[in-house]
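S.K.: Spelled out, the chains give:
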Amino acid sequence: MAKAFAPIVITANDLVEGDSVFLGPEGWTRDIRMARVARTAEEATALDASGAQGETQNLVVGPYRVEVSLETGAPVPVLRREQIRASGVPTIPVGPAAIEAAREAA
Amino acid sequence: MYRYDEFDHRFVQERVAEFRSQVTRRLDGSLNENEFKPLRLMNGLYLQLHAYMLRVAIPYGTLDSARMRMLAHIAEKWDRGYGHFTTRQNIQFNWPKLSDVPDILDALASVEMHAIQTSGNCIRNTTSDPYAGVAADEVEDPRITAELIRQWSSLHPEFTFLGRKFKIAVTGSAEDRTALKVHDIGIQIVRNTAGETGYRVLVGGGLGRTPMIAKELRAFLPREDLLPYLEAALRVYNLHGRRDNKYKARIKILVHEIGIEEYARQVEAEFAALDRDAIAAPVEEVARIAAYFAPPKLAARPAESTAFERARQVDPGFAAWASQNTFPHRVPGYVAATISLKPIGGAPGDATAEQMRAMADLAEKYSRDELRVTHEQNVVLPHVALDDLHSVYRGLAGVGLDAPNKGLVTDIVACPGLDYCALATARSIPVAQNIARRFGSTARQKEIGPLSIKISGCINACGHHHVGHIGILGLDKAGVESYQITLGGDATETAALGDRTGPGFGYDEVADVIEKLVDRYIELREVPQETFLQTYRRVGMEPFKEAIYATH
Chain A
49 MAKAFAPIVI TANDLVEGDS VFLGPEGWTR DIRMARVART AEEATALDAS GAQGETQNLV
109 VGPYRVEVSL ETGAPVPVLR REQIRASGVP TIPVGPAAIE AAREAA
Chain B
112 MYRYDEFDHR FVQERVAEFR SQVTRRLDGS LNENEFKPLR LMNGLYLQLH AYMLRVAIPY
172 GTLDSARMRM LAHIAEKWDR GYGHFTTRQN IQFNWPKLSD VPDILDALAS VEMHAIQTSG
232 NCIRNTTSDP YAGVAADEVE DPRITAELIR QWSSLHPEFT FLGRKFKIAV TGSAEDRTAL
292 KVHDIGIQIV RNTAGETGYR VLVGGGLGRT PMIAKELRAF LPREDLLPYL EAALRVYNLH
352 GRRDNKYKAR IKILVHEIGI EEYARQVEAE FAALDRDAIA APVEEVARIA AYFAPPKLAA
412 RPAESTAFER ARQVDPGFAA WASQNTFPHR VPGYVAATIS LKPIGGAPGD ATAEQMRAMA
472 DLAEKYSRDE LRVTHEQNVV LPHVALDDLH SVYRGLAGVG LDAPNKGLVT DIVACPGLDY
532 CALATARSIP VAQNIARRFG STARQKEIGP LSIKISGCIN ACGHHHVGHI GILGLDKAGV
592 ESYQITLGGD ATETAALGDR TGPGFGYDEV ADVIEKLVDR YIELREVPQE TFLQTYRRVG
652 MEPFKEAIYA TH
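Chains A and B are the protein sequences, given in the same order.
So for the first sequence, the working numbering puts the first residue at 49; every next one is plus one.
So for the second sequence, the working numbering puts the first residue at 112; every next one is plus one.
One chain only, chain A, in its complex shape (with noise of 0.2 Å):
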């Protein structure tokens, strides 16, 4: 039996700023529970090509596919490395806000 689809959305980065965006329905979002999600294997072809339009169009770098769970509604992503990513920043506080936090630990 042929596996089920699992449901994706497009991501990328920003060309200017880096940063994680999602292809949404008006365009690219930082905001991954406004992306759009494929639920079968021809809206993600679609998917695809309006993420490689964003290329194109000098928008974003590098769209490719992430796979999201639809358990709380909004999307999701299944890996954590793409969590990470979709959250936009490291996982503990950093630069001067570690220093912060590290003090009030001691």
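Nothing false has been slipped in among the hints.
Computed from the model, here is a short list of chain B residues facing chain A with C-beta under 8 Å:
no.: 1; residue: Leu-160
no.: 2; residue: Ala-162
no.: 3; residue: Lys-208
no.: 4; residue: Leu-209
no.: 5; residue: Ala-458
Derived pair list, reagent style EDC-like, types lysine to aspartate or glutamate, alpha-carbon separation capped at 20 Å:
no.: 6; chain 1: B; residue 1: Lys-148; chain 2: A; residue 2: Glu-103
no.: 7; chain 1: B; residue 1: Lys-208; chain 2: A; residue 2: Asp-67
no.: 8; chain 1: B; residue 1: Lys-208; chain 2: A; residue 2: Asp-62
no.: 9; chain 1: B; residue 1: Lys-148; chain 2: A; residue 2: Asp-62
no.: 10; chain 1: B; residue 1: Lys-188; chain 2: A; residue 2: Glu-65
no.: 11; chain 1: B; residue 1: Lys-148; chain 2: A; residue 2: Asp-67
no.: 12; chain 1: B; residue 1: Lys-208; chain 2: A; residue 2: Glu-65
no.: 13; chain 1: B; residue 1: Lys-359; chain 2: B; residue 2: Glu-373
no.: 14; chain 1: B; residue 1: Lys-588; chain 2: A; residue 2: Glu-115
no.: 15; chain 1: B; residue 1: Lys-656; chain 2: B; residue 2: Asp-623
no.: 16; chain 1: B; residue 1: Lys-208; chain 2: A; residue 2: Glu-103
Hints are computed from structural coordinates only; laboratory data are not their basis.
Glycine is no exception: its CB is placed at the ideal position from the N, C-alpha and C atoms.
Since the structure of chain A is provided, determine the placement of chain B on it from the hints.
M.R.: Leaving out everything else, chain B in the frame of chain A:
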């Protein structure tokens, strides 16, 4: 300190202007990403998980206060207020915008810095001993040789597109503080039986997915032959260069496959055929470079300092820091002081703009305006008078850089891992933080003694896990982070690759596992002075395996 000549200034400025034009063309669509990517990489600009990342070269880790202040300025103006010092003695900025990078490069050029050859398949930043010019066992300051190599390797037309990246380290001491044996080429300055100074050349070391310890290529290379010999060694490698499989393209694979004898034979043949005079650095040029690294004129001081002794007695924090974070200076009355960038719970190697400025101020006031970045992601103030050490300590304490943990269990080397890196398969920084918190007590760290933990977030091994006394390698197992442990690695002159303990552990288990290993070591050691590494070499893997897998 190195200095740019007229050519260097003009070249770097031209390169910035060229990159500015390339960025403009990328932003207006004249260049697509496939065309632009090799250009940005040649200027140290990566695209990571959350943002662009700019890696800036710090030649052999040496910088002065003006350069450190410029790094602080860049962190504040164009990044998020901090930078990350790396195991290649460089610094990375994690959040620059593409449109700002030309301005950042302009700012760097104003203090004779750049990001050229910090990426790509070329000769990368040549690293060296952070105690260069300080260590008593030094044959000669290795930075003179490192600077010669920097000049020779910068934009070398034949070696700009090698099969893979190429890393060279230079030490002037028998005690290796440069991880010499895990470099593509390691150069040790030595004296032969006739008393002449020259080089012992090692080749084919490296970490990554196929770790190897370097082999000796030449026991003694006359000083004047250095650059021609390197040219021959690189040429043989480049001619063999496998461009079909990047995992087999490093020189370590070549040396391993054809054997050190055959590689050496080919290098010697190439070397014999070279026009050595055309490649060797002129004597006067070497003398000019050597003058840049003339030892600072340190005023003679008594070997004992009353002010230092008094401060040690009244300030226990200072006493702990001074005993752990200082290194003997060849000039009596002075020490090299290590600023640990590993505060408990901090990100290894990170420093905020405020901290960079504080380090710059202290270097200017107390260390002849010099700082050194170490391959263990710390910073050294190389020339501090004992009389001034307490003032340095208080200055560091004011900005949270007073951790007394150099070389101890919390002085953890860690790559950026999955919190930043697009290649990573698991997080490194939070793992380091969890371990550091577990062993946060200064007394406990002291009791454990010298112990190097190194963490990589993928098999590329940027965190040097293979040569940690305890190495931790983060992998992805079906979408879940899993950490393999290695024991017995060593980055020094007695270099060794760590042995894998067995199956990996989950993210939440790692700190417990490290604690079990440490507890078992404490039980096993014969005397408190026997280090973790010595104990491991004496008893082997089994007792440690038993400690971590018995109830697993």
